[in-house]
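Peer 1: Chain by chain, the residues run as shown.
2 protein chains.
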Amino acid sequence: MGKLRNTEIDVIHGNADEVLADLQNELGVNEVLLGDAISDKYLKDWSGKRGTMPLALLLPRSTDEVSKALAVCHSHQWPVVPQGGLTGLAGGAVPSESAVVISLERMCGVEEVDSASATITLLAGTPLQAAQEAAQEAGFFFALDLGARGSCQVGGNIATNAGGNRVIRYGMARDLVLGLEVVLADGTVLPMLNKMVKNNAGPDLKGLFIGTEGTMGIITRAVLRLHAEVTGANTALIALPDFDAVVKLLRYAQKRLSGLVSAYEVMWADYYQSATTVDGIRAPLVADYPVYVLMDMQSAEPEENTERFYAVLEHAMEEGWMLDAAIAKSHSDAEDFWALRDSVAEMLNSYAPTINFDVSFPISKIGECVERLRRVMVDEFPDIHAMYFGHVGDGNLHIVVGPLPDDNQQTERALEDAFYEVTRDLGGSVSAEHGIGTHKKPYLAHSRNKAEIDLIKRMKQALDSQGILNPGKIID
Amino acid sequence: MGKLRNTEIDVIHGNADEVLADLQNELGVNEVLLGDAISDKYLKDWSGKRGTMPLALLLPRSTDEVSKALAVCHSHQWPVVPQGGLTGLAGGAVPSESAVVISLERMCGVEEVDSASATITLLAGTPLQAAQEAAQEAGFFFALDLGARGSCQVGGNIATNAGGNRVIRYGMARDLVLGLEVVLADGTVLPMLNKMVKNNAGPDLKGLFIGTEGTMGIITRAVLRLHAEVTGANTALIALPDFDAVVKLLRYAQKRLSGLVSAYEVMWADYYQSATTVDGIRAPLVADYPVYVLMDMQSAEPEENTERFYAVLEHAMEEGWMLDAAIAKSHSDAEDFWALRDSVAEMLNSYAPTINFDVSFPISKIGECVERLRRVMVDEFPDIHAMYFGHVGDGNLHIVVGPLPDDNQQTERALEDAFYEVTRDLGGSVSAEHGIGTHKKPYLAHSRNKAEIDLIKRMKQALDSQGILNPGKIID
Numbered sequence: 001m002g003k004l005r006n007t008e009i010d011v012i013h014g015n016a017d018e019v020l021a022d023l024q025n026e027l028g029v030n031e032v033l034l035g036d037a038i039s040d041k042y043l044k045d046w047s048g049k050r051g052t053m054p055l056a057l058l059l060p061r062s063t064d065e066v067s068k069a070l071a072v073c074h075s076h077q078w079p080v081v082p083q084g085g086l087t088g089l090a091g092g093a094v095p096s097e098s099a100v101v102i103s104l105e106r107m108c109g110v111e112e113v114d115s116a117s118a119t120i121t122l123l124a125g126t127p128l129q130a131a132q133e134a135a136q137e138a139g140f141f142f143a144l145d146l147g148a149r150g151s152c153q154v155g156g157n158i159a160t161n162a163g164g165n166r167v168i169r170y171g172m173a174r175d176l177v178l179g180l181e182v183v184l185a186d187g188t189v190l191p192m193l194n195k196m197v198k199n200n201a202g203p204d205l206k207g208l209f210i211g212t213e214g215t216m217g218i219i220t221r222a223v224l225r226l227h228a229e230v231t232g233a234n235t236a237l238i239a240l241p242d243f244d245a246v247v248k249l250l251r252y253a254q255k256r257l258s259g260l261v262s263a264y265e266v267m268w269a270d271y272y273q274s275a276t277t278v279d280g281i282r283a284p285l286v287a288d289y290p291v292y293v294l295m296d297m298q299s300a301e302p303e304e305n306t307e308r309f310y311a312v313l314e315h316a317m318e319e320g321w322m323l324d325a326a327i328a329k330s331h332s333d334a335e336d337f338w339a340l341r342d343s344v345a346e347m348l349n350s351y352a353p354t355i356n357f358d359v360s361f362p363i364s365k366i367g368e369c370v371e372r373l374r375r376v377m378v379d380e381f382p383d384i385h386a387m388y389f390g391h392v393g394d395g396n397l398h399i400v401v402g403p404l405p406d407d408n409q410q411t412e413r414a415l416e417d418a419f420y421e422v423t424r425d426l427g428g429s430v431s432a433e434h435g436i437g438t439h440k441k442p443y444l445a446h447s448r449n450k451a452e453i454d455l456i457k458r459m460k461q462a463l464d465s466q467g468i469l470n471p472g473k474i475i476d
Numbered sequence: 001m002g003k004l005r006n007t008e009i010d011v012i013h014g015n016a017d018e019v020l021a022d023l024q025n026e027l028g029v030n031e032v033l034l035g036d037a038i039s040d041k042y043l044k045d046w047s048g049k050r051g052t053m054p055l056a057l058l059l060p061r062s063t064d065e066v067s068k069a070l071a072v073c074h075s076h077q078w079p080v081v082p083q084g085g086l087t088g089l090a091g092g093a094v095p096s097e098s099a100v101v102i103s104l105e106r107m108c109g110v111e112e113v114d115s116a117s118a119t120i121t122l123l124a125g126t127p128l129q130a131a132q133e134a135a136q137e138a139g140f141f142f143a144l145d146l147g148a149r150g151s152c153q154v155g156g157n158i159a160t161n162a163g164g165n166r167v168i169r170y171g172m173a174r175d176l177v178l179g180l181e182v183v184l185a186d187g188t189v190l191p192m193l194n195k196m197v198k199n200n201a202g203p204d205l206k207g208l209f210i211g212t213e214g215t216m217g218i219i220t221r222a223v224l225r226l227h228a229e230v231t232g233a234n235t236a237l238i239a240l241p242d243f244d245a246v247v248k249l250l251r252y253a254q255k256r257l258s259g260l261v262s263a264y265e266v267m268w269a270d271y272y273q274s275a276t277t278v279d280g281i282r283a284p285l286v287a288d289y290p291v292y293v294l295m296d297m298q299s300a301e302p303e304e305n306t307e308r309f310y311a312v313l314e315h316a317m318e319e320g321w322m323l324d325a326a327i328a329k330s331h332s333d334a335e336d337f338w339a340l341r342d343s344v345a346e347m348l349n350s351y352a353p354t355i356n357f358d359v360s361f362p363i364s365k366i367g368e369c370v371e372r373l374r375r376v377m378v379d380e381f382p383d384i385h386a387m388y389f390g391h392v393g394d395g396n397l398h399i400v401v402g403p404l405p406d407d408n409q410q411t412e413r414a415l416e417d418a419f420y421e422v423t424r425d426l427g428g429s430v431s432a433e434h435g436i437g438t439h440k441k442p443y444l445a446h447s448r449n450k451a452e453i454d455l456i457k458r459m460k461q462a463l464d465s466q467g468i469l470n471p472g473k474i475i476d
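Listed in order, the protein sequences are those of chains A and B. Each residue of the first sequence is one higher than the one before, counting from 1 in the UniProt record's numbering. Each residue of the second sequence is one higher than the one before, counting from 1 in the UniProt record's numbering.
Chain A extracted, bound-state conformation:
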C-alpha cells in the first residue's frame, strides 16, 4: 500500500504494509481483520455518520493486546480509532481514513462487585446494562443511565463522559469513576484501579481520559462507584406558567426533598403538543399549558415519601408555580409519563430530516435562551418546527428542529450557526453531553477560548506526541 499521507492530520508517514505485518506478528495473523472481514457496523455511529474503510480492525481480548497494538501503531506513527458500542452522536468513534480501529467489544465483563467498598470493577467493553444488572444483583444501584444502555459500553461512556437521565442526582459518568486502567498511545499501561473516594496522592490522572473521546489514551478497565439501591419512585407530571416557575419549583423541591430529586425533565408546549400526537401516547394533562415538568424522586421506600412529595406540589400550587399536575398512582402511570419524554425517537421520524441540538446553559439563562431561539426560528426559519425539552435540572437543553428542506445542508448549517451564536452569547456549551467528535468541531471555539484550545493541544502533545490517537476528533 506504500506511504500514506492522511488527509485529516498531516503527521502520519508510516508504511501500511509494515504496520499490518507488525500487528500480525504481535497479535497473530487471525487477529488482524482486513477488508471484507470488517463488518459495516464498525464504519458508523448512531448519528448516521459514515467513516472510511479502516486499514484493519482489531478486537483485542486483553489489556496486553491493546498495549501491543498501540506500541506497533505508535512506532509507525499510524492513526488509531478506539471504539466502544458506537452509539455516539458526534462522530467520535467513526473511522478516519486508513486508521487501525480497536474495538473493545471482546473486553467485556464485570470482574468484581465489592459490596463493602460499594464499587464495581469491569472491562471497558461491558455494556452499560450489564453493569446496571450486576449492581442490582448485589443490592446496589449503578446510577449511569441512558437510552442506549443495551448497546453502549461503559468504556465509551467514560471516554465521552456520558450524561443521561440521572445526572441531577448522581452526576455525569465522570462523577462515578474511581479508577481506570488506561493504555497510552505508546502502549504504556497505567493501572490506576483506585477504589477510594478520597485519594490525594498526587494529581488525578484518570481525569485526562474521561470525556476526551479516546484522544489521550484507551480505557481498558474501570472501577466505578455504586450507590444505594432504590426500589421505586414518586413521579408527577406538572404544568407550569413559565420558566421562572420551573426554576422556583426545582429549588424548592430540592430543598424540601433533601436533594433526592432524581429527574427534572422539562418539556415546552411545542414539544408536549407534538409528543401527545404520537401513536399510543397518553396525555395526562391538556396540551395548552406553557411548560411541563416530569419530576421524580427515587428512593428505597417510595410509599413512605408520598406525603412529602405531595407537600411539594401543594406548596407549588399555593405559590402559583403550578397550574395543574398528574401524580403517578402506579408504576404504569409513571411509565406513561416517561413515554412522553421518551417519544423523541418517534418525533425524529415525524419531523425528519431533523437537526438535534444538545446544548447547556447556566440554569438562570435557559428561559432567555428559549425565547431568543424562538425569535430566531420565527424570523429566519418560519417554515420549520422546533421543539424544546431537556434535563433542565443540569442545565441541559435539547432541541429538535425539522423538517429540514432538501437544500444540500445549507439550512442545517444556517441553523447551527444561529443556534450556536445564541449559545456563545449566553455563556452556554455547544455540547452538554454528546461530546465534540467531528460534528461539533467547527463550533468548539464558541464555548472554549483560544487559551483553552491551546492547552488542549499541549495536553495532547504531552500524552500522544505522534498524534496517533483518534486524529481529527475534538481538535485538528
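Keep in mind the hints are simulated off the structure, nothing from the lab. Note that the structure is a prediction, hence the values are computed from the model and not measured. Fair warning: there could be bad hints in the mix.
Identical copies go unnamed one by one, so any copy, or any two together, can satisfy a pair.
Derived lysine-lysine pairs resembling DSBU-like cross-links, with alpha carbons at most 35 angstroms apart [stated by the list, open to error]:
no., residue 1, residue 2
1, Lys248, Lys44
2, Lys44, Lys329
3, Lys44, Lys450
4, Lys44, Lys441
5, Lys329, Lys450
6, Lys49, Lys441
7, Lys457, Lys329
8, Lys329, Lys49
9, Lys329, Lys248
10, Lys248, Lys41
11, Lys441, Lys329
12, Lys457, Lys441
13, Lys248, Lys457
14, Lys41, Lys457
The hints should help you fit chain B onto chain A, whose structure is shown.
Peer 2: Same frame as chain A, but now just chain B:
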C-alpha cells in the same frame, strides 16, 4: 544577589535583582514586599514545617496582577510558591528557597450567588467560612467543610482537593467545582468560569488544577455548586462489635435512608477511650466496646426523618451489628457527640510529639488494615500509643501515634516506613485528603507506579515547561 542555583530544583538560573526590578516595574514598588516586611506567617503551614525566606512576597489584588507576576517569573525562570490560608498539613505552600511567594489573601470575596443555577462565584482568597455563610444567606448549603474553615481559603481548598466531614454525601472539593479561572506559569489567563453541571465541549481542563497543589497553575476565581439547604440532622453514637458490623450498618443505612447519610465517623476503642478522658468531654456510651460510629443524616426536615432514622438502628440491633446506641435528642446532644470526634486537637497535645497519618483504603480492606497496623505497633513500637479513627464512609483512616521518643526523627521515619508499607500492600493511598506537598513525597511511589509518576512529570512539562510553579512539591 546575583545568580541563584536553587537547591531543590536545578533549572533556575535567573538573576534575583532583575526579577525584583521587573516585578516592581510591573506591579509597583510598594507591591513587592521584601525582607522584614514579610511576616513570619508566610513561612509556615499548620504542619509546623518552616520554609526559607522568600525573595519577595506579592499580595496581588487582581487576576491581571497575578498574570503579570507570573509572566515576569516565567521570563526569568524564577520559582514561585502560591499560598492560600496556609492551613495545609503537607508543606505544600511553604516557601522554597528564594522563591517569589504569591499569596491570594487580598483576592477575597464572593462575587455572585446565582440562585437559579445554584452556583457561587468567588475569588480564590475567600475564606471557606465566608463562602458557607454567603450560601446560607441565599438559602443554599455549601457542602465543603473542615476544621480550618475560618482560616483556609477556597482557592487552597481546590488546589489541594480538600475533603473533610461531608465527603460521604457531597464529595471532595473536586466534586463541587464547576468552573475555574486559572493563571498558567507563563501568565496566560484561562477564564473557564463554567456554571453548568453538563458540559462536554472538549476536555475538562479545570481538573488539571484541582488537587495539583499549585504546581500546574494558580487558581484566581472559582464557580462552585451549591446544594439544597439543610436545617438540621438526626445524629446517633453507636457501639458495634467489629469492623464487619461497621460496614454492614453503613450499607444498610445508606439504602434505608436513600443515600442521605451525611457523616459516618468511626472511632476504634483506643481512640474513644482517649477521647473520653479529655477534660469537658462527656462519654454517652461506656468505653469498653470494640468500635464506635458517629452517624448523622442532615436534611431540611429532621423531625420528619426521626422514625426512619430509628428504624435503621432497630434493624442494626436485631441483626447484631449494634451493641448499644445513644441518640441525640437535641442539638446540644449532637454537639456532645461531635466533641468526641473533634477532640483530636487535645489528644495531639496529650500524646505529643505525635505523628498523624491520613491514609485511605478500599473500605473492604480497612478492618484488615487496622489489625495489621496494631500488630506492627505491638511488635515494633510497644511503648507508643496509636489511636484509630476516620471518615470511614469515604475509606479515610486517620491514626494518631505518640508520644514519639526524642531520637532525632528516627522513630518517626521507622513508623512511616512501617505504616506506608501496609498502605502499599493493601492498595491504599498514602494521602487521603492532605495531599503530598513535601512531607509525603518520599512515599508517593507507594501509591503511584512509575508510569503514573512519569505522566505527572509530562503534564508538568506541558503546563510549566520552566518548572517555576511550586518547585519541589509533589514530585522533584
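Peer 1: A separate judgement is required for each hint: does it hold in the structure or not?
Peer 2: Hint check results:
In this assembly of identical chains, the alpha carbons of Lys248 and Lys44 never lie at most 35 angstroms apart, being 42 angstroms within a copy and 46 angstroms across copies at closest. Within a single copy, Lys44 and Lys329 get their C-alpha atoms no closer than 42 angstroms, and across copies no closer than 62 angstroms, so neither meets the 35 angstroms cut-off. Only within a single protomer do Lys44 and Lys450 lie at most 35 angstroms apart by alpha-carbon distance; the minimum there is 31 angstroms, versus 38 angstroms between protomers. For the homomeric pair Lys44 and Lys441, the shortest alpha-carbon distance inside one copy (18 angstroms) is at most 35 angstroms, but the shortest distance between copies (47 angstroms) is not.
Taking identical chains as interchangeable, the C-alpha atoms of Lys329 and Lys450 are never at most 35 angstroms apart, the minima being 52 angstroms within one chain and 57 angstroms between chains. In this assembly of identical chains, the alpha carbons of Lys49 and Lys441 lie at most 35 angstroms apart only when taken from the same copy (14 angstroms versus 49 angstroms across copies). When the C-alpha separation of Lys457 and Lys329 is checked against a cutoff of 35 angstroms, the pair qualifies neither within a copy, at 53 angstroms, nor between copies, at 58 angstroms. With identical chains, the CA atoms of Lys329 and Lys49 are never at most 35 angstroms apart, being 42 angstroms at best within one copy and 62 angstroms at best between copies.
In the homo-oligomer, the alpha carbons of Lys329 and Lys248 lie at most 35 angstroms apart both inside one protomer (25 angstroms) and across protomers (33 angstroms), since each shortest distance falls under that limit. Taking the closest pair of Cα atoms, Lys248 and Lys41 never come within 35 angstroms of each other, the shortest separation being 46 angstroms inside a single copy and 46 angstroms across copies. In this homomeric assembly, Lys441 and Lys329 never come within 35 angstroms of each other (Cα to Cα): the closest approach is 45 angstroms inside a single copy and 58 angstroms across copies. In this assembly of identical chains, Lys457 and Lys441 lie within 35 angstroms of each other by CA distance both inside one copy and across copies; the values are 14 angstroms within and 29 angstroms between.
Taking the shortest Cα distances, Lys248 and Lys457 never come within 35 angstroms of each other, neither inside one copy (41 angstroms) nor across copies (47 angstroms). Within a single copy, Lys41 and Lys457 get their C-alpha atoms as close as 31 angstroms, which meets the 35 angstroms cut-off; across copies the closest is 39 angstroms, which misses it.
Consistency with the previously given hints fails for numbers 1, 2, 5, 7, 8, 10, 11 and 13, ordered from lowest to highest.
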